Amino acid sequence: MAEKGYSVRRLPGFGLIAVLTFTMLYLPIVILVFFSFNAGPSQAVWDGFSLQWYEAAFQNRQVREVSIRSLWLAATAASFATVLATLAALGTTRGGRFPGQTMIYALINQPLMVPEIVTGIALLIFVAAIKVQTGYTGMGYLVAAHTAFCIPFAYLPIRARLETLDPALEAAAADLYASPVQAFFSITLPLLVPGIVAGFMLGFVISLDTVVITEFVKSAGQDTLPTYMLGQLRRTVTPEMNAIATLFLALSLIIVTAFFLITRTRGR
Amino acid sequence: MDARVQDTTVKGEIDITGVNKVFGQGAAAFHALTDIDLSIATGEFFTLLGPSGCGKTTLLRVIAGFEQPSSGSLRINGAEVAGLGPNRRPVNTVFQSYALFPHMTVAQNIGFGLKMLGKPRREIEATAAEMLRLVRMEALAERRPAELSGGQQQRVALARALAPRPRVLLLDEPLSALDLKLRKEMQSELKRLQTETGITFVFVTHDQEEALTMSDRVAVMSAGRILQMGRPTEIYNAPVNRFVADFIGETNFLVLPVAQTEGDAAHLTLPGGKRAQALLPDGMLPVTGADVTAVIRPEQATIVEPDAGDMTATVDSAVFFGTDTHLHLTLSDGQPFVLRRQNRPGQQPPEPGTALGLSLAPGALRVLED
Ligand SMILES: Nc1ncnc2c1ncn2[C@@H]1O[C@H](COP(=O)(O)OP(=O)(O)OP(=O)(O)O)[C@@H](O)[C@H]1O
Ligand SMILES: [Mg+2]
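Listed in order, the protein sequences are those of chains A and B.
Position one of the first sequence corresponds to residue 0 (numbering that gives the first Met the number 0), numbered consecutively onward.
Position one of the second sequence corresponds to residue 0 (numbering that gives the first Met the number 0), numbered consecutively onward.
Only chain A is shown next, with the shape it has when bound in the complex:
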């Protein structure tokens, strides 16, 4: 760079702000992870290294139960959301232009715009009404709410992928005697897979993570890992919570890393 070239690095305090920001972002997490390996019961005093809190977490029947519920819910909701998001993306990019198209984008992306707490309360009232009418109190409500909430997150990568696909490919397939259904399954869908996988993963992480929606929709005994943790924190906090949070963090990191790897190699 030229001697007098403009660089944001030269702004006074830029380096300091950067360091502070990253510290704020990561130091609390580092401390949380650090104390998950504490031999003692304290969050502040280091008593030596131990895996006892991980052991405790694994032994805890309730933790196992809510973890499995969380994973099952995330997988189910993300699957539904991915299918629906794929259809929505196809409809909005392959159906030709239609009146109200911009409106449709806005409607699909509702969960990105409406405050989560508002959606939560609305769902609470809505679901309560249905529960009274039908008496059904199963997981269906959580699945439906999580699915709706995950759709825009799944929709975005799928649509982005679809927009980079040359429509001439589908035309070429039709020209080479493929019926519309054959063209979809042999050309569009395979080329869409990276977007679909990315959409699923994003939806999965979002469902795994959401607290507010779950809190308002769940019936008794339907705690997910985040709502369970929230409930525990109201009582005593032992490093067992740190251990669970660390494992949760590791899982999210793995999925997000996979997401980036998949979206990066999507050129193929």
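Treat the hints as calculated values from the structure; they're not laboratory data.
Just so it is clear, the structure is predicted and the values come from calculations on it, not from any experiment.
One should not assume that every hint holds.
Claimed, not checked - On the chain A side, residues computed to face chain B include the following (Cβ under 10 angstroms):
#1 173
#2 181
#3 219
We put the CB at the ideal spot given by N, CA and C, even for glycine.
We have chain A; now place chain B with the ligands onto it with these hints.
The following block gives chain B with the ligands in isolation, referenced to the frame of chain A:
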């Protein structure tokens, strides 16, 4: 493809009558194709030539089935195909962007059409191998399109379109993305493929030289209409109007008074007073004394002694082109004239200001409908 009703008045492989294509409606309506009448014979190399936006791609898309004509009839091998989608027409397209399937190997790309037609695997593999041989790509069968050069992708696109043995191959400016040398190579390659397979080619280009060198027949299009259709020599030597004359090759336009008419020829008064015979277009009967526009190609005049020729001219400039030299001249009445002279060893271009005589080749002068 299907044994649809065979018409007894079959003229050719493709018969287009009165086809119009209008995009949009009402005030925004745009006439992309107007009254297209066209008949292409089996095994013909037929070229659609015209400037950008004249409707070449639209016509090709109508033939392929990607667009339905607003009116008119389109027959392929005698069967009306109106309303049939592209997957139900015995026609394949080589797309300008190639549109190779990126997730398939070269061999899978080539076999795709046959697979969709439900052919057995052995046949698909055999045909794919044959096509690879035809386009000289045997070694690259297992590559993906992203691992090929532009010229190689072009060959795969050709092989893929040829593999199902269509009756007609449509090619939309297939060579425009290639550099000059590769382009020349692919031109003869295309010609060879067409001769070897005997498939009817409908080729789109806006490059007049490409059209003239490759085609059996050319249709010159402008603003959604076909202006002239004929063999390259006909189009070049006898353009029907100013647009065609201007678009195909270089030409001189001279405004000259009519001295006398007889049959399909007229005598025009050249600058300087001498007369020359010029061919008239069909049905044109100009009034004696009226001005008409006549065309003459730059290579159809030769230099003679100043007073020996049909006209006299002075040299403005000379541009050397290797095989020949273009002389920019001014005729005695002030009209510009370009003359192309083949270069001979030791010959020097004339100095600017030199006076020359010009002799016109017999039959070179043609009157245009304006
Ligand atoms: N789907 C469409 N809707 C509206 N107008 C269209 C559509 N397709 C083509 N046109 C118009 O029709 C005209 C002819 O287009 P076409 O693509 O056939 O031109 P072309 O001769 O192939 O030109 P080029 O050499 O640039 O490819 C253009 O003016 C174009 O804008
Ligand atoms: Mg075009």
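### Message
Tell me the hint numbers this structure goes against, listed in increasing order.
### Response
3
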